[in-house]
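Hey, can you work out the whole structure from these sequences and the hints?
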Amino acid sequence: MNFALSDDDILLRNVAQDFVDKESDLAPLLVPGANIENAGYAATWTKIKSLGWPSLVLPEAYGGAGLGCVELSVIVMELGRTLLPSPFAGHTFGTWALLHGGSREQKDRLLPAAATGATTLALVPPIDGNTLTVENGMLSGQHNFVIDAADANYFVVAARDVKSDWGFYLVDARDSGLKIEVQPWRDITRQVCKIGFDNVAVEFMPEPAGNIWRLLLSHISLFLAAENTGGMRQVLSESVAYANQRVAFGRVIGSFQAIKHPLAEMMAKVESANTAVLYAAWALANNDERASLAASMAKSFSSDAYVDATHRSIQIFGAIGFTWEMSNHLYYKRARANATLFGDPRAHRDLVIREATQRIWPNSSTVGSLSRVA
Amino acid sequence: MICGDTMDFDLPSQDDSRRLAVRAWFAAHPTPSGQDWLDSGYTVPHWPKPWGLEADAEFQLIIDEEIGHAGLMRPAIANPVAINNCAQSLLSHGTPAQQERYLKPALALKELWCMLFSEPSGGSDLGSLRTTARKEGDNYIINGQKMWTSLADKAQIGVLVARTDPQAPKHQGLSQFLIEMDTPGITVRPIIDMSGYENEYNEVFFDDVVIPANQMLGKEGEGFGLSMLQLQTERVALSKPGAIWGAGPSAREMLDGLADMGALDDPVVRDEAAKIYIEGEILRLLSYRSLSDRMNAVTPGPEGAIRKMVSAPHGQDIMNLAKRTQGPEGLLVGSQPFDNKTDAHLGPFDNWDYAFWFSPAVTLGVGTQEVLKNVVAERMLGLPRDLDPSAKKPWSESH
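If you read the protein sequences in the order shown, they are chains A and B. Residue numbering for the first sequence follows the numbering used here, starting at 83 and increasing by one per position. Residue numbering for the second sequence follows the numbering used here, starting at 689 and increasing by one per position.
No lab work stands behind these hints, which were simulated from the structure alone. There's no promise every hint is true.
To be verified - Derived DEER-like restraints, expressed as beta-carbon distance ranges:
#1 A:E407 - B:K1080: 52 to 60 Å
#2 A:A323 - B:G825: 41 to 49 Å
#3 A:G211 - B:D813: 51 to 59 Å
#4 B:E742 - A:R191: 56 to 64 Å
#5 B:P955 - A:D390: 17 to 25 Å
#6 B:S1023 - A:S222: 39 to 47 Å
#7 B:R1067 - A:R256: 57 to 65 Å
#8 B:T1056 - A:L93: 51 to 59 Å
#9 B:M949 - A:Q99: 48 to 56 Å
All residues carry an ideal CB built from backbone N, CA and C; glycine is no exception.
Next comes the structure, spelled out in structure tokens:
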């Protein structure tokens, strides 16, 4: 038993910290009217590739670093802390989907290039409004909320075969039947796209979707929970700094209990989320039987906590925190987006009860069970 | 995929050799005598020898679990003030004579201790206490009143904090004493709290109580610091985040109970139960993190103070949801929402009905929730301290 990060993990965190602090510049997004086009996605992605981070989650056999979820979480917390915009999230989700669902041949063909980032992947998940169907090997329908789709080379697409059930399919982004539009998404640090598929040829991926979806959802939940935790840490530290500096009624506002008590609560949530994330990361990395439970706990807890913290930070800053030129709203919007996508807190709590009690509850719907998704 | 080469959330396994040895000892001593407890070192395993076993945090956890497994009351519940809070101060601040007189009976669970700290004038603001200890020759004469004293009606030994120097600022004029509760002039009266169950608390009156000066613990003026240290001492019981200050049922027992009665079919109950369950699991992880920090000899992080702040309202939430599932039945005196499933049925708070009606106290005792939040905000986040106009002046000026 040892809950501490290893020396290697701490080293990795320091590298990540230096990198994100150097690269992160939210200023272009704090100009009214800014959108995802101003986020510097492509430039940051080039730098992330040169650090080798796209290879982190992949086994050495595919040119990966063979590291795993704890190391990934350490890095993602840093990305979340600065909101550093890049397609790292979408690419990682797509890579996980191919790794767990693809055939040996598909993986040999695509994963080595995914490990360097030369080929970029994205995931079209079976939730959040998926209307996709496959008939005779051709895919049609749309998904309105695909993360980092615009520059992806391949998609791993969840779709229902008209004759059978959910499956995952590989789609080449060059197919002329694809129509991709960047959405006017509120979280302008993240690219979210609408994709229309009109009779697009697909490659079947052999692993039944029902077998891998829960695992995939757990990994994605961990990723988002790690972002939430890093973001909350930043929001806390900025709010504390402001409360220590802003004067009203002759005192710094941090001396009022109406301000300091919510900050104490926020700190408790940050430490709680941090612990939940590391536990889920460890459990996933070790194929522990409680991994999916731990991931859903981390996702639901950190999502609610992040939404609360970002709302509170705007209140602590006062009216200035409500302006576009402050970064408060960027965190608030990321918090809301992360809470909504891939199962909201309540949906994950449903999974937690289901898995904690090891029972099937007939009247509940859940994002974890594919048959109930659409 | 292998990762987290040293991070390891696995708890000591069932066939851990240390665990097997402890289990064998309890099999051989199913009802340990006081001397058995003392010889085993299991009451204070983290203490140095000869009292304890110099056990690391993981070994402490094993011992704690095995005491529960043996169906015995945990020493930290049997004699909480001595074992959780005060006895350790005798190792650091006690004279050899004090150690010889007080430690053995306490650790053998023969002499119960109580903590004579809070007063009618204030508990959270301990520094404002009014009970006086006036030096007269080789004695101190104690006068005043203590309140909210757990176990005062059962304890043989009290740890008293009283004002020895009224001219000093409020926090600096206090000293601690070890006293025999049957000393003439001490009167104990039970306080019947809103639960209506047997009293948890008492008030204690001191009328010209004569205490030999050699029963002072530490030096004159060290009373406030010692008291704060004793209140912050981590609970030895680590195995579960029970609803009432770590004792009693946890969220897992609540979820089991709700599942058994089919209450989780109601989507509102289900969601609320999930929130409480998740918080309980996180509290468990935070405990283990403290444990792990101690094993790694790392200065404890913020999780200790945070855990206290989160766990008190968490305990109230557990009890509130469990009680609500009973409907009108829950208002009947003594009614239980579900069968008790905890491993040891020996603590009073394992009675769900008592724990529910007692639970408003958990955000009051050992420092109110508001004071805890101040502590976290001021000490961990570096926010400004609350103003106390009386802190710097001689205590006698404001009284």
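Results for each hint:
no. : hint                         : in the structure
1   : A:E407 - B:K1080: 52 to 60 Å : 43 Å, violated
2   : A:A323 - B:G825: 41 to 49 Å  : 57 Å, violated
3   : A:G211 - B:D813: 51 to 59 Å  : 56 Å, holds
4   : B:E742 - A:R191: 56 to 64 Å  : 58 Å, holds
5   : B:P955 - A:D390: 17 to 25 Å  : 22 Å, holds
6   : B:S1023 - A:S222: 39 to 47 Å : 60 Å, violated
7   : B:R1067 - A:R256: 57 to 65 Å : 59 Å, holds
8   : B:T1056 - A:L93: 51 to 59 Å  : 43 Å, violated
9   : B:M949 - A:Q99: 48 to 56 Å   : 49 Å, holds
Hint check: violations occur at hints 1, 2, 6 and 8; the rest are consistent with the structure.
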